[in-house]
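As you go down the protein sequences, you meet chains A and B in turn.
So for the first sequence, the working numbering puts the first residue at 1; every next one is plus one.
So for the second sequence, the working numbering puts the first residue at 1; every next one is plus one.
When chains are identical, the list treats them as one kind, so a pair holds in a single copy or across two.
Okay, derived cross-link-like pairs now, DSSO-like style, lysine-lysine, Cα gap no bigger than 27 Å in a straight line:
no., residue 1, residue 2
1, LYS185, LYS298
2, LYS298, LYS228
3, LYS521, LYS451
4, LYS185, LYS526
5, LYS450, LYS185
6, LYS251, LYS198
7, LYS27, LYS133
8, LYS298, LYS251
9, LYS526, LYS228
10, LYS198, LYS298
11, LYS298, LYS242
12, LYS198, LYS228
13, LYS198, LYS243
14, LYS333, LYS506
15, LYS228, LYS521
16, LYS521, LYS450
17, LYS507, LYS228
18, LYS535, LYS177
19, LYS228, LYS535
20, LYS450, LYS526
21, LYS185, LYS228
The set of hints was computed from the structure by calculation and includes no laboratory data.
Since we're looking at a predicted model, the values are computed, not measured.
Protein chains: 2
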Amino acid sequence: MKNLEHIRHSLAHLLAAAVRELYPGAKNAIGPAIEHGFYQDFELSAPISEHDLSAIEEKMRELIKAWDGFARREVTPEQARKEFAWNPYKLELIEEFTEGNAPITFYTSGDFVDLCRGGHVEHISEINPDAFKLDRIAGAYWRGDEKNPMLTRIYGLAFASKEELETHLALMEEAKKRDHRALGKELGLFVFSEAVGKGLPLWTEKGAALRRVLERFIVDEEIRRGYKHVITPDIANLGLYKKSGHYPYYKDSMYAPIVIDDEEYMLRPMTCPHHFELYLSQPRSYRDLPMRIAEVAKLYRYEHSGELTGLIRLRAFSLADAHIVCADKDQAKREVAGALDLIEHMAGLFGLNMGDNYWYRLSLGDRHNSEKYFKNDAAWDEAETMLREVLHERKCHFVEAPGEAAFYGPKIDVQMRNFSGKEDTAFTVQYDFCMPGRFNLAYIDADGAKKEPVVVHRSSIGAIERIIAFLIEHYAGAFPFWLAPVQVAVLPVSEKFQEYAESVFKKLGEHNIRAELDASKETLGKKIRAAELQKIPYLLVVGEREQASRTVAVRERGTGDRGAQTLDEFLALCNNAKN
Amino acid sequence: MKNLEHIRHSLAHLLAAAVRELYPGAKNAIGPAIEHGFYQDFELSAPISEHDLSAIEEKMRELIKAWDGFARREVTPEQARKEFAWNPYKLELIEEFTEGNAPITFYTSGDFVDLCRGGHVEHISEINPDAFKLDRIAGAYWRGDEKNPMLTRIYGLAFASKEELETHLALMEEAKKRDHRALGKELGLFVFSEAVGKGLPLWTEKGAALRRVLERFIVDEEIRRGYKHVITPDIANLGLYKKSGHYPYYKDSMYAPIVIDDEEYMLRPMTCPHHFELYLSQPRSYRDLPMRIAEVAKLYRYEHSGELTGLIRLRAFSLADAHIVCADKDQAKREVAGALDLIEHMAGLFGLNMGDNYWYRLSLGDRHNSEKYFKNDAAWDEAETMLREVLHERKCHFVEAPGEAAFYGPKIDVQMRNFSGKEDTAFTVQYDFCMPGRFNLAYIDADGAKKEPVVVHRSSIGAIERIIAFLIEHYAGAFPFWLAPVQVAVLPVSEKFQEYAESVFKKLGEHNIRAELDASKETLGKKIRAAELQKIPYLLVVGEREQASRTVAVRERGTGDRGAQTLDEFLALCNNAKN
Numbered sequence: 001m002k003n004l005e006h007i008r009h010s011l012a013h014l015l016a017a018a019v020r021e022l023y024p025g026a027k028n029a030i031g032p033a034i035e036h037g038f039y040q041d042f043e044l045s046a047p048i049s050e051h052d053l054s055a056i057e058e059k060m061r062e063l064i065k066a067w068d069g070f071a072r073r074e075v076t077p078e079q080a081r082k083e084f085a086w087n088p089y090k091l092e093l094i095e096e097f098t099e100g101n102a103p104i105t106f107y108t109s110g111d112f113v114d115l116c117r118g119g120h121v122e123h124i125s126e127i128n129p130d131a132f133k134l135d136r137i138a139g140a141y142w143r144g145d146e147k148n149p150m151l152t153r154i155y156g157l158a159f160a161s162k163e164e165l166e167t168h169l170a171l172m173e174e175a176k177k178r179d180h181r182a183l184g185k186e187l188g189l190f191v192f193s194e195a196v197g198k199g200l201p202l203w204t205e206k207g208a209a210l211r212r213v214l215e216r217f218i219v220d221e222e223i224r225r226g227y228k229h230v231i232t233p234d235i236a237n238l239g240l241y242k243k244s245g246h247y248p249y250y251k252d253s254m255y256a257p258i259v260i261d262d263e264e265y266m267l268r269p270m271t272c273p274h275h276f277e278l279y280l281s282q283p284r285s286y287r288d289l290p291m292r293i294a295e296v297a298k299l300y301r302y303e304h305s306g307e308l309t310g311l312i313r314l315r316a317f318s319l320a321d322a323h324i325v326c327a328d329k330d331q332a333k334r335e336v337a338g339a340l341d342l343i344e345h346m347a348g349l350f351g352l353n354m355g356d357n358y359w360y361r362l363s364l365g366d367r368h369n370s371e372k373y374f375k376n377d378a379a380w381d382e383a384e385t386m387l388r389e390v391l392h393e394r395k396c397h398f399v400e401a402p403g404e405a406a407f408y409g410p411k412i413d414v415q416m417r418n419f420s421g422k423e424d425t426a427f428t429v430q431y432d433f434c435m436p437g438r439f440n441l442a443y444i445d446a447d448g449a450k451k452e453p454v455v456v457h458r459s460s461i462g463a464i465e466r467i468i469a470f471l472i473e474h475y476a477g478a479f480p481f482w483l484a485p486v487q488v489a490v491l492p493v494s495e496k497f498q499e500y501a502e503s504v505f506k507k508l509g510e511h512n513i514r515a516e517l518d519a520s521k522e523t524l525g526k527k528i529r530a531a532e533l534q535k536i537p538y539l540l541v542v543g544e545r546e547q548a549s550r551t552v553a554v555r556e557r558g559t560g561d562r563g564a565q566t567l568d569e570f571l572a573l574c575n576n577a578k579n
Numbered sequence: 001m002k003n004l005e006h007i008r009h010s011l012a013h014l015l016a017a018a019v020r021e022l023y024p025g026a027k028n029a030i031g032p033a034i035e036h037g038f039y040q041d042f043e044l045s046a047p048i049s050e051h052d053l054s055a056i057e058e059k060m061r062e063l064i065k066a067w068d069g070f071a072r073r074e075v076t077p078e079q080a081r082k083e084f085a086w087n088p089y090k091l092e093l094i095e096e097f098t099e100g101n102a103p104i105t106f107y108t109s110g111d112f113v114d115l116c117r118g119g120h121v122e123h124i125s126e127i128n129p130d131a132f133k134l135d136r137i138a139g140a141y142w143r144g145d146e147k148n149p150m151l152t153r154i155y156g157l158a159f160a161s162k163e164e165l166e167t168h169l170a171l172m173e174e175a176k177k178r179d180h181r182a183l184g185k186e187l188g189l190f191v192f193s194e195a196v197g198k199g200l201p202l203w204t205e206k207g208a209a210l211r212r213v214l215e216r217f218i219v220d221e222e223i224r225r226g227y228k229h230v231i232t233p234d235i236a237n238l239g240l241y242k243k244s245g246h247y248p249y250y251k252d253s254m255y256a257p258i259v260i261d262d263e264e265y266m267l268r269p270m271t272c273p274h275h276f277e278l279y280l281s282q283p284r285s286y287r288d289l290p291m292r293i294a295e296v297a298k299l300y301r302y303e304h305s306g307e308l309t310g311l312i313r314l315r316a317f318s319l320a321d322a323h324i325v326c327a328d329k330d331q332a333k334r335e336v337a338g339a340l341d342l343i344e345h346m347a348g349l350f351g352l353n354m355g356d357n358y359w360y361r362l363s364l365g366d367r368h369n370s371e372k373y374f375k376n377d378a379a380w381d382e383a384e385t386m387l388r389e390v391l392h393e394r395k396c397h398f399v400e401a402p403g404e405a406a407f408y409g410p411k412i413d414v415q416m417r418n419f420s421g422k423e424d425t426a427f428t429v430q431y432d433f434c435m436p437g438r439f440n441l442a443y444i445d446a447d448g449a450k451k452e453p454v455v456v457h458r459s460s461i462g463a464i465e466r467i468i469a470f471l472i473e474h475y476a477g478a479f480p481f482w483l484a485p486v487q488v489a490v491l492p493v494s495e496k497f498q499e500y501a502e503s504v505f506k507k508l509g510e511h512n513i514r515a516e517l518d519a520s521k522e523t524l525g526k527k528i529r530a531a532e533l534q535k536i537p538y539l540l541v542v543g544e545r546e547q548a549s550r551t552v553a554v555r556e557r558g559t560g561d562r563g564a565q566t567l568d569e570f571l572a573l574c575n576n577a578k579n
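Next comes chain A alone, as it looks inside the complex (with noise of 0.2 Å):
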């Protein structure tokens, strides 16, 4: 990817000389290749926008036909200073080097000067003119420091080929439509509200029933799975973190406390001590271990505004969470073992694929480091190649992230990538060799003897949250039967058949079957688009001949229409699509 970077470099180049030439007295700063392609600041005396970026680029196809290569020549700090003596930024950088005794080094192309570091293609040849593009317009502060002057940042998109850059424009448009943000909002599944506050969305009828389905469908599956689903308070006495040895960890991250009756209470930003809290309510025994401890938990955790991104990060979110209380570490394996099956589980059930939807990360301690982790190394060394075996064990791809660890030990990370691009941890397994000892954990073992149990800390869909906002982009707002907020929508052909509308539309409610009636006075071919603009897995028209036949006419999402049915007969195929 060297030349590619040099591509990207060198266009850098090019932007910069169109702009000076189509804006004079326009200033230059720093122009680096980066991901996808290029970006380049300005000092520009007027403000510019999108609009413009056309003419800037055919300018930039202009002058690179005069261009053939970068020529390179070293100069003294006079020359340099006083080349660029109209530029603030460049001048800035000079000193720099100066004082670094740092080679200064001009770049001529064409009639272009910059000081530059190098990185360039060889031949201008190298840079096929149609699989560049300008992309768009940001402000930026110089050296990203906001006490500096802001800059316009112009980002372009460079490939090695035409094809490329299609394929990545293709993409970009495809995760636009996807974005779960966008689509939140077209679908009707949440809002936010500037009154209520930042990252803390309010979730409409349609979004909360697809929280309700996957919630219950979650606790469902994990009782069926022999976890104990309980309910704890969403806010605690300070101590109790400062106890659990969290505190000095997490308090960048939890908001400020609140005080009741002279003690200090928090939002909290983790479970993990209320689960222990109550499984310190009574004597335990090896026969009650594992003991899995679940809650789908809500948990506060501060993010600076600017941080806020849609469902991805909240202030507020619900973790669907579980700490398993192991009686040793063959059992903690096993139960790891256990979790990321039922990791693999749900991931299968959302048509997620391991490696192209999702991956393991095993995050590891750092010895040296024991500011941020809990100081055991032999613990740490265990507890690592035990859950390096569990990933070998699978026979499953992962990769291996050192200084990623929870403080409390080493974890197995879920990731994945949305659609724009931006990886995230989605769920979590973690052994901790440590709390368990600080909240004097135990249970009575079979020889009468009391022990120290060790904890897995496991997610097994992560935020619900933040699984939405993947699940949102995964469909791109279709969700299968299940899980789709509004399963069906009858639609009355006119008025004349609301009244059999209404029964099919009761019907379906007593099956538990979540849909919608269009009583509208709109045509029927606008009930249709609206419906499938609201991505509706299943339209039942109603007319003339459905209600004398007590029929109802099944339009299928993706696959049209399926005929008439009875409702009967159309229940039993929503029962299968159930399933």
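Dock chain B against the given chain A, drawing on the hints supplied.
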């Protein structure tokens, strides 16, 4: 009941006389008649315990033989001060009477003289010595002021007849057995943790199962009735509650704010403004109304630690809440009636009878108190008349309670009494003509005009925690099958049948039956006893015979042995019990 009050107050004298004889130097303060009996406060030189009560009671029964009545004598302040020079409490009262120019009277029975304003039996024979009983001891500040000395208060029970006393004692015994705090612990439904904080219950697997069943049931039932279930954040910007007008009325019951990025966020004390923000997120038409926005919403209300009572008064609770936006008063009237229908339906499912277990209270405003109530006399008149009409049309008995309305309008409260006799508002239906204006709620009517709706606030089963407290006491922990946290216990006769028992247990789980398997080494008798104490509806005993015939021996709570059944037969039985 005049006579009963006289009996009770007379017994307070007798108690004072007995204590003065048994504990020389004891100083009696006041001793009034109260509901079910009387009390008398004392300053004692050494603490006494409830073990001492029988000796005091014996002394009372001995002294009463020498009493015949209460001889009244009016005295001068000087005489009174001289007689009670030893008793600072009486001296304080004497000074008050003197200042108020009230007559000062002594009452003498046998050798015992007390400062008293009267209210005794005419002759001692009116007191049945078998119809009273000393009950318990508590600490009480002199005149209820914590700056004064703490006195010892002895409570007694007293009735006209021995039978009435015994009935009352049996009732108290039953209330104690049914107390949801004791039963909750016995049945392992919830615990409190000092480390987490007061008034914040942690629900165990069993308690959480009960909550889950109840919550899912009410959500599904409301959806069937046309409610739109949403999910909104538990915290919001303080500005939201100022905009809604709740803040001045609720600020004393709200927790301190959480500061996030220089903004103040509150744990929400109510759901209304959150639902209004959702309503406002898009334009609404008359065709959308009535819009029934519902949520099982977590709420936070400030309670002094002294007011926290089991699950009845908590610092956080979940309300089955809804806000019905109505086009006009007529629609609102129908919706109020619909909300009462739902309440009565749910109450019926819980086996609660109107008039007996619950009753309606019409809570009215106060036209002269514009500090407590939104000022609009005509609207109050109209709204109160409407709610009264709804109740009259249902032909149900109700009481009227002036000054118990919400600040934004009158309401119908559903009142319940727990087994200890404490009355509480369990659910409520409120009429709101105030907030639609504050929030600029609007809809476009059929004629194209923009109009202001009215809102009905209602709760179907109230706070989940509170209704569970009521239900625990109502059922004495023996929940009907559909609500029972554990529905079936599988009891292998010995370890030999463990494997078969596990296959039965597994099959029950697959059919979503909440089952428990007793894998302990206890005898069958002990296993049965343990499961019965947990009030589990069905016990399935599996031994030699059952394993051989692939059956289970079914024991039903309350009715006993139902003989051997195949698992399919038993599952059918469960299915019927469910409906």
